[in-house]
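These protein sequence lines are chains A and B, in that order. First residue of the first sequence: 1, per the working numbering; consecutive thereafter. First residue of the second sequence: 1, per the working numbering; consecutive thereafter.
Note that these hints are calculated values from the structure, not bench results. The structure presented is a predicted model; accordingly, all values stated were derived computationally and were not measured. What you were told as hints is all true, and nothing was included just to trick you.
Calculated lysine-lysine pairs in the BS3-like style (CA-CA distance at most 25 Å, straight line):
#1 B:K586 x A:K154
#2 B:K200 x B:K154
#3 B:K159 x A:K154
#4 B:K159 x A:K586
#5 B:K159 x A:K159
#6 B:K169 x B:K200
#7 B:K159 x B:K169
#8 B:K159 x A:K123
#9 B:K123 x B:K335
#10 B:K262 x A:K170
#11 A:K29 x A:K257
#12 A:K262 x B:K169
#13 A:K586 x B:K154
#14 A:K555 x A:K118
#15 B:K29 x B:K257
#16 A:K262 x B:K170
#17 A:K258 x B:K170
#18 A:K169 x B:K262
#19 B:K586 x A:K159
#20 B:K586 x A:K135
#21 A:K29 x A:K258
#22 B:K170 x A:K257
#23 B:K154 x A:K159
#24 B:K257 x A:K169
#25 B:K258 x A:K170
#26 A:K335 x B:K169
2 protein chains.
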Amino acid sequence: MGHCEVKFLPSGKIVQVESGVTLLEAAGKAGIALHHLCGGHGQCGRCRMSVVDGNVSGGSSSILSAEDTDNGIVLSCMAHVDGDVTAEIPDATRVGERIELDEDAERFITDFPGIALKEFSAKPLVTKIYMELDKPTLDSNYADSDRVKRQLLKATGAKSAGISLEVLKKLPAVLRDSDFAVTVTAFRCDSYIEVLDVEKGDSRECGYIAVVDVGTTTVVTHLVRTSDMATVEKEACFNAQAVYGREVTARIMAAEKKGVEKLQELVVGDINRLVLEMVERAEVALDDVLAVVCSGNTTMIHFLLGLPTDNIRRDPFIAVVADVPSLNAADVGLKIKEQGRLYVVPGIGSWVGGDLTSGILATGLHEKENISMLIDVGTNGEIIVGNSDWLMACSASTGPALEGGSVECGMMGERGAIEKVFESDGKVEFQVIGDGEPAGICGSGIIDLLAVMLEKGIVDRAGRFVEGSDPDVAFVDERGKYTIPGSGVFMTQDDVDNIITAKAAIFAAVKIMLDRLNISFSDLENLYIAGGFGGFINIANAQKIGLLPGIPVSKIQYAGNTALLGAKLAAMSLDAFSELREIVAKTTYFDLMGTNDYVEQFGQAQFLPHTDISLFATENSDNET
Amino acid sequence: MGHCEVKFLPSGKIVQVESGVTLLEAAGKAGIALHHLCGGHGQCGRCRMSVVDGNVSGGSSSILSAEDTDNGIVLSCMAHVDGDVTAEIPDATRVGERIELDEDAERFITDFPGIALKEFSAKPLVTKIYMELDKPTLDSNYADSDRVKRQLLKATGAKSAGISLEVLKKLPAVLRDSDFAVTVTAFRCDSYIEVLDVEKGDSRECGYIAVVDVGTTTVVTHLVRTSDMATVEKEACFNAQAVYGREVTARIMAAEKKGVEKLQELVVGDINRLVLEMVERAEVALDDVLAVVCSGNTTMIHFLLGLPTDNIRRDPFIAVVADVPSLNAADVGLKIKEQGRLYVVPGIGSWVGGDLTSGILATGLHEKENISMLIDVGTNGEIIVGNSDWLMACSASTGPALEGGSVECGMMGERGAIEKVFESDGKVEFQVIGDGEPAGICGSGIIDLLAVMLEKGIVDRAGRFVEGSDPDVAFVDERGKYTIPGSGVFMTQDDVDNIITAKAAIFAAVKIMLDRLNISFSDLENLYIAGGFGGFINIANAQKIGLLPGIPVSKIQYAGNTALLGAKLAAMSLDAFSELREIVAKTTYFDLMGTNDYVEQFGQAQFLPHTDISLFATENSDNET
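Between the sequences and the hints, there should be enough to build the whole structure, so can you do that?
Dropping the structure here:
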């Protein structure tokens, strides 16, 4: 296979690929994120491009109109590069290349002060320790490395210490050049501490950890300084693996077909790019980034590590690893300090990963006397319920509808997305991220919109469009479609069906968990909701559509990106990391896929809000909008 | 610099080198061991070669006769290769390339059953564990690596376990291909255990550890099977670093000048060659050698690891590391199983290394109620005294005389070496290793010979030759020389001086240690002597020349290669390895170089046996020959 050069317009980005790869893959390699839902199977028709110059084979489809075909439009997922190609990407296909770190997008990457985070003592997983050592004499003649180790054990309380061969090689010279005043970079693992590097003088100020939430849809990073725990930079982008599908299962299938290395390369590339952007903006040397601490669902972590995922999607759904050992970051291709480390927040099971463990730590659910619940809505919904005595977790495959995927006008929560929809004086109004023209609708807007449509009788409780219910409802082939006035953004019957499927999957899982435990909704002291909805989720609307149960709104808190928050706690404190392990040990994983009643509950939840309206009606009295 | 090809006759071995290297260095690179004592400084005249073809620059010397020069003889340490060269190595220059594993040479590499070794439970540092795992189900759905780790912790009693990324990558396939019956290769470090590899089925029989005594003069290895602790092969060779000098200090200076990597390359090459020879003879796959466990003096270990040694020879004599962390064997260039480990027996100080710690463990001196002493005679003499409550160690620079170096007819204990000299019916007789023609004399023979010469009045108590004392004594330039009748092997005044210096250095160190501790020789319950003398040392003769004090012979034991014995115990038992660490923690290192009385004691010991003859005379009554 030969090498081809693919140029993408309007950005002019050029990428080298082997002939035969698809234009969609080439765009992914160029770091360009594209709208597509089906995972590159030529079904959703969202990844249109026009070939301006050069040849591709394939790419035509019955989804494309004759006009499209005449204009050189192809489906980029089906078009294979055949020699050098220049392709133009329409605005509708291209999504923002990264979420802008502006006020609006900060909702993705900010801490949510609404949750009181537990305080841990400052013991970063990788840290710098300054030491002024006694100089050796005939009476104090132990080896250089022993001198450093003794001081290190004293300073950190660790029980045993190691030093790598590379550090040993340079140690004598560094000690003597600096008059025995050095800064040691060391990483912790339980009661063991290992020296990664030794530098002259005091360089404690130059130590950072990149904390990463490796989401199926977005990758979010914070750069934290180890000396004072300050978050100095934040960055986020779409997970470039989206080129292989929006859903976890689609990506696992892609990994089986193309090799997991392809998926690893993409997410590692994302993290490297984000870290580089953060250090450049913060004017920090890449060499001062001592570690990457990741949290993510089990499959994303497997992709990051390049581990086979085949058995995760096959009965009995077995991961390779749940508690990942601390690694050299370079071993997976992460570009930070040469000897830098990679830590992964431990997960619970194949479908309940470290993102949820992080969420438990961040909400403190595992330490409360009364029973609480956390629902983390992602491409998979993960649910935890419990208290200081016990914890039970399960997951449900929700699909990407509530994150803006599998909804025709859906988009991620970036500039141009409708994030809120509400009625004001009988009129349907909306709010756009960045206040510009609406380009689509993100998760929080989608929940609002369906709630408004239900309230206005545009859809009935079964989720079916009602003819003549509203002037903005149109029917095509007997299937309804509602357009938000003045926006051009609409919702179809397929969209509504997908949203109902997603919320029903979550609600059914929640209901079964509680039934099994013989607990009712009113027993819940707190209900935390986490996820990437784009905007702050409107709790009352989430209840109206039956995503959340009808308990008093005061008990429900939007907790934000708990995956990132928990990982940050762990990065900054070995105690927090140990607590994550305790959480894992304490949690029972309950596999819904092995139960019969799930299908029944799922069916009952396919109404708005539910077949059993009593679950929502009575307790909604104190709701606020 | 260009590349040159150097061919050595009579073997015909060819080696590629850069132009400008010496013929001696080229021979070292070709794996040919040569006689030379001065460390390549043109002083000893032992490394003669004749240049048959091609050019060298330098190499002439006043040591060489006119006839030598006419015949193309050069000193190979001074002759720099200038283009392709063919050089012939005379028999007298060449030493055996490895010690033959015959009955005679086995004295180097055998266990000495004279010492009762402590029994430790079998817990090899790296081992293979066979496990038949329960297969995963929906109810038993933990990750593959957790399944293995749980079983591993149960089987070994370790407290925490890790698995490398490479093993994680292959783990799911190996488990499922083998129906969950696998053999795990794992290494221990305190209470931690790490999986290095996982294989289908039961391969426990295919696990070996190479135990190595990295001596300044010889490198000795045993291949031990981990399943039953059986020693299946043995091998030994001369340390190829001899090209840079016989003494430790000469090699440190060479490392400073040429780079420590040169010395590392040589000793790593030696170990690789020995291991390869052992596995080939034992018909074992190199991939089944799971670890190398080394013991050696601190400088040799630094060379093995490629660590700077500059500060070891400079006041206050500081090593980089005394307790070396467990490493990947591949990191230093050792060629065993790809993921195999390297363990080093912990040492006490810069001049008292893991070879002595091993010796303490092997003799069990640290567990006896009464006070014992161990003298390890090498190029440096190391002395330990103590009991179950305390241990004190020191070292003395002895030079290589007692190992057959710095003695004109001296050689190592290989075939052809005179290993015993004794009087029988008034005649001086000798015994040769391999029973052939004598080619020289090794350490045990040297001690015997000096004792016989003293007994016969050939030398006086000051070590000076007595004119007319024996028909076989000749005088040249007023300096005596005694030839053993019928052997052609002789001893000169310089030789005697060197031997006396060596034994005086050791005895002075022994005496000072005891004086400081206010202990007399009669307080010693046991005295162990270890070292590479070639043959079993004759204790009575060692006392006659004043190497060993005059305590009853029944209290003195020749312990053999305790460096290797101790390392083997450690390799086969984590408990033994931990005990080595306890020994280190318990031992006080006493630096003779910082004391004034050493010079005085050294002076007093320069007589045969000593200025103070009472130290030897009275208690010698029960000696046997």
